[in-house]
Amino acid sequence: MATKQSRSAARIMLAPAVILLLGWMLVPLVMTLWFSFRQYLPLRGGDQGFVGFDNYIRFISSSSFWPSVQTTLIIVGGVLAITVVLGVVLALLLDQPMWGQGIVRILVIAPFFVMPTVSALVWKNMFMDPVNGLFAHVWKFFGATPVEWLSQASMQSIIMIVSWQWLPFATLILLTAVQSLDSEQLEAAEMDGAPFRSRFWYLILPHLARAITIVVLIQTIFLLSIFAEIFVTTGGAFGTRTLSYLIFQRVLESQNIGLGSAGGVYAIILANIVAIFLMRIVGKNLDA
Amino acid sequence: MARAVTNNRKALNTAIAWAIGLLIFFPILWTILTSFKTEAQAISDPPVFLFFDWTLENYAVVQERSNYARFLWNSIIIAGGSTILGLIIAVPAAWSMAFVPSKRTKDILLWMLSTKMLPAVGVLYPIYLLFIELGLLDTRIGLVVVLMLINLPIIVWMLYTYFKEIPGEILEAARMDGASLKDEILYVLTPMAVPGIASTLLLNFILAWNEAFWTLNLTAAQAAPLTAFIASYSSPEGLFYAKLSAASTMAIAPILIMGWFSQKQLVRGLTFGAVK
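So the protein lines, in turn, are chains A and B.
So the number in my numbering is just where the residue sits in the first sequence, counting from 1, plus 1.
So the number in my numbering is just where the residue sits in the second sequence, counting from 1, plus 1367.
The following block holds chain B by itself, in its conformation from the complex (with noise of 0.2 Å):
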């Protein structure tokens, strides 16, 4: 009954959502596009969209204003750095708390999340004192330090939501066998932990990498990561769309390309193990 029209139907649904999905992706391709106009091109009325002369030279220009490699490499230490310094964190507390559960397991959980909460702001004073006192003003450890603390509690309300999926028989069995703690977190629990851990580490992987308060008031010259390279490009004289839509794909591509890739996994982590 219902089959007579799918195919009718499959296709309005198909042009319909495909539509939308160009329309939300559209600013990412337009900033995509311009990167590779001219200056003049880029704000040409009117604008043109795919028949343009094809260049490189906005990402040399960009590449020659500001060191993108090096921007590029803070981004990369200090959100690689943040995500796994909060999983050797987060993996024992998790796993204390899906296995051997207490009374107040769940008021440890939600009062993790609830220092999410604190506003940034309010504290960024006490921590800029601190930075300079302890002398991690812009440095990338300090950075490392700050973003995993902020992006533990969800680690381990992501780790905890994986771990409670695992049967807690199979690590029973494994202590009958005579493995001892060490032995079953890395031999038992790790193996069937693993597809968990990766999504956390992707997505808060890339919380840290587009996290845009702490690194751009905790940071200058040397330690600066993506988000800061692409704010220089806020003021008035680095005006140029082109090339401020060169700087932008430079800072957006690799977490895009990644995220793409992982989307599965990222859906799953995302939701904290709450809707399935």
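So that you can see chain A by itself, here it is in the shape it has in the complex (with noise of 0.2 Å):
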């Protein structure tokens, strides 16, 4: 039983966390409400005053929006889907007995270190660029066109390169969560004569539902603010522009900060509400 004064100490020692990180979120936050509602354009005349709903109104009726949180929720939504069912394969196939099972698996881990920039440069000029990429090369020595991924293809492609960069972590948790399965448990389903496929749904699945929880939770809080990969490689081009990355250009390019505020202001609104869906299934697996 915790004592009065442990408890008060404990108090203390929670508290600059706490204070710290209450201040990171209120202040800026409160910036930002404040600019969204204001007319201001460093550059064309400054700080113009109130002009109230103005600002929300023209980001949410611009043409780029919708575009935008669609292209989000897809990029989002497409990583998500292969890497949670990429890494459910390759964590039951790294489980397998096999030789050189630590060297594969260092092998398999090596995208999560690369930093964002330089596998967007690499997959970019090296791989997806139509004339000198290896991908042109196989394409041509199979008698194909070279295809221009960033323009022709740009959501696979910058799916395929964020997938790339994620799978890793998707198979180490689920590889995690494999390996703690009970083998006796599936040996005397296998006795019994359950194919794979039964095993598979019944036994492996439902004992995988924690870990998937958590590696669809944590990729999602990355990758909603998902921008080097976008900034190298296409800069929001052909149909790539993400919520962040409108903002971005509105803040950065236009130099339009009541604008750009204003789509802060939803993005916090589109986080939240994955986040509120997110911490619902967070809390309940908390409690187990």
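Where hints are given, some of them may not hold.
Here chain A is said to cover these stretches of chain B; the calculated rule only asks that three of the stretch's residues, wherever they fall, bring their Cβ under 8 Å from a Cβ of chain A [claimed, not checked]: (1) 1380-1388; (2) 1485-1492; (3) 1608-1618.
Reference listing, derived: stretches of chain A covered by chain B, where coverage requires no fewer than 3 residues with Cβ under 8 Å from a Cβ of chain B [said to hold, decoys possible]: (4) 15-21; (5) 29-41; (6) 99-112; (7) 131-140; (8) 218-229; (9) 247-256; (10) 272-279.
Here are the simulated lysine to aspartate or glutamate pairs, DMTMM-like style, with alpha carbons at most 20 Å apart [claimed, not checked]: (11) Lys1473(B) to Glu1532(B); (12) Lys141(A) to Asp1412(B); (13) Lys1377(B) to Glu188(A); (14) Lys1631(B) to Asp96(A).
In short, the hints are calculated from the structure, not lab data.
All values reported here derive from a predicted model rather than from experimental measurement.
Just so you know, even glycine gets a beta-carbon here, dropped at the ideal spot from N, CA and C.
Need the complex rebuilt from these two chains, each delivered in its own frame; the hints are there to steer you.
Structure (structure tokens):
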């Protein structure tokens, strides 16, 4: 039983982290809200006073708003689908007995350590370049016309690059979960003649549910705000402008702080919708 | 029964797993190989894989063009500084939540994680203004603070899950023996928590090292880390494959090697202790 004294000590120890995060959350948030109601163009007349909800209306009625929300959701959803499905497959494969398991694991985990700017540059130039990229060479070898990946199949290309970066993470977490699977139970099911498909659906997948939740939660947090991959590859062109990138362009490229801030508020709302949904699931898992 | 096919199965598993592993690793391997080619060989058609004249010239050119050591040093300071600062703040917080939980502990933890969902771009301009106001723009200390704040929720979470696994009875016994709160943390808790703290440190060092939004937007010449170093090669005039590869290899090598050596600790840390 904690004493009164240790309880107040505990509160004091918790305080710095809470105060810092509260400040980190509230100060920029309040400033963003403030700017979002003002006409503020630093390079063209500066702060020109309150304009009510003008920025909000302009941002949401701009023709690029809904496509950017859609793009964001497609990228997040696409990457999640690919990394979870392939992650499960890879985790099951890596759990099998084999030679050089440690080395294979090192190979598979490697992309996670590559910084996003590097992986975007390498994929863009050395693989997806329509003239000198490796894919172009392979396509030519088979007599096909090289694809201009980042303009003709821009979304697929970006989803592929980002999936490559996050697949190791999903695989590793799922592998940890697979390894804790009760092998006797599995063997018993196998003895009883349960085919792999039903063993997978009724034993393996339910066991992995928690790990999949963690993968989805953490990846979503990071994927909602991917920046470098788009900044380096397409610069938001060819239908790859995510909500984050649209706001970035409004704030930095058009130097329209008011409009960008209103967009920021929308992005915060979108993130919160996703967050509430995810927190429910994780909160439930915390109790278990 | 199943034993009879073991070796065949094992060989098949090995072949498939190695093929997939090499496929996933290939972009990195290809980058490293290209960094040792001449520019002409780097774009030769058909591509050369291993049989070319290995050269270190690209590394020399990259080093000459942009002082690699300075970017590397900035990366080390920023990633290391933010991680250590984060640990200093997070260890007491995680300790108090793990050992003196209150009704609100779970809410506080979830709230902390939810601050990570705040889209960086939504608050870019306010932070930018504050940085100008405080004279922090393009300084390492500014980035140390921002990256610390970004990763603080993750640090707290990871430490919390590690501390939760330390049996409270041991702490109580220490308290009975008259250990003060300070002694308790320094001599009882810390030694038991070192593995957890180590993997937290590693993961956050990697996250901070690779962070590419704030480091690109809040630095210019002085405090720019390796993310900015490599971004300077995205401009068309810098588009030389061999040099790009050399720069890329230089940017990722330190963290790749570190990550490989510590992958076991990393995996545990990454799961927030939720997957055993």
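Okay, the hints, checked on the actual structure:
1. Against chain A, the stretch 1380-1388 of chain B contributes 7 residues with a C-beta closer than 8 Å to a partner C-beta. That satisfies the three-residue criterion, and the hint holds.
2. A count of 8 residues in the stretch 1485-1492 of chain B with a Cβ less than 8 Å from any Cβ of chain A is obtained; the coverage claim is therefore met, three being the minimum.
3. Here's how the stretch 1608-1618 of chain B fares: 5 of its residues keep a CB closer than 8 Å to some CB of chain A, so the rule of at least three is met and the hint holds.
4. A count of 5 residues in the stretch 15-21 of chain A with a Cβ less than 8 Å from any Cβ of chain B is obtained; the coverage claim is therefore met, three being the minimum.
5. Beta-carbon proximity to chain B at under 8 Å applies to 5 residues in the stretch 29-41 of chain A; the threshold of 3 is reached and the given coverage holds.
6. Requiring three or more residues with a Cβ within less than 8 Å of a Cβ of chain B, the coverage given for the stretch 99-112 of chain A holds, as 13 such residues are present.
7. Counting residues of the stretch 131-140 of chain A whose CB lies closer than 8 Å to any CB of chain B gives 3, which reaches the minimum of 3, so the coverage claim holds.
8. For the stretch 218-229 of chain A, the stated coverage by chain B is satisfied: 6 residues place a CB nearer than 8 Å to a CB of that chain, which reaches the threshold of 3.
9. Residues of the stretch 247-256 of chain A lying with their CB closer than 8 Å to a CB of chain B number 4, which satisfies the three-residue condition for coverage.
10. Here the stretch 272-279 of chain A counts 4 residues with a CB under 8 Å from a CB of chain B, which clears the bar of 3, and the coverage holds.
11. Among the hinted pairs, Lys1473(B) with Glu1532(B) is consistent with the structure: their alpha-carbon atoms are about 16 Å apart, no more than 20 Å.
12. With a C-alpha separation of about 10 Å, the suggested pairing of Lys141(A) with Asp1412(B) holds against the 20 Å cut-off.
13. For the hint linking Lys1377(B) to Glu188(A), the alpha-carbon distance of about 18 Å falls within 20 Å, and the restraint holds.
14. Among the hinted pairs, Lys1631(B) with Asp96(A) is consistent with the structure: their alpha-carbon atoms are about 15 Å apart, no more than 20 Å.
Checked against the numbered hints above, the structure violates none of them.
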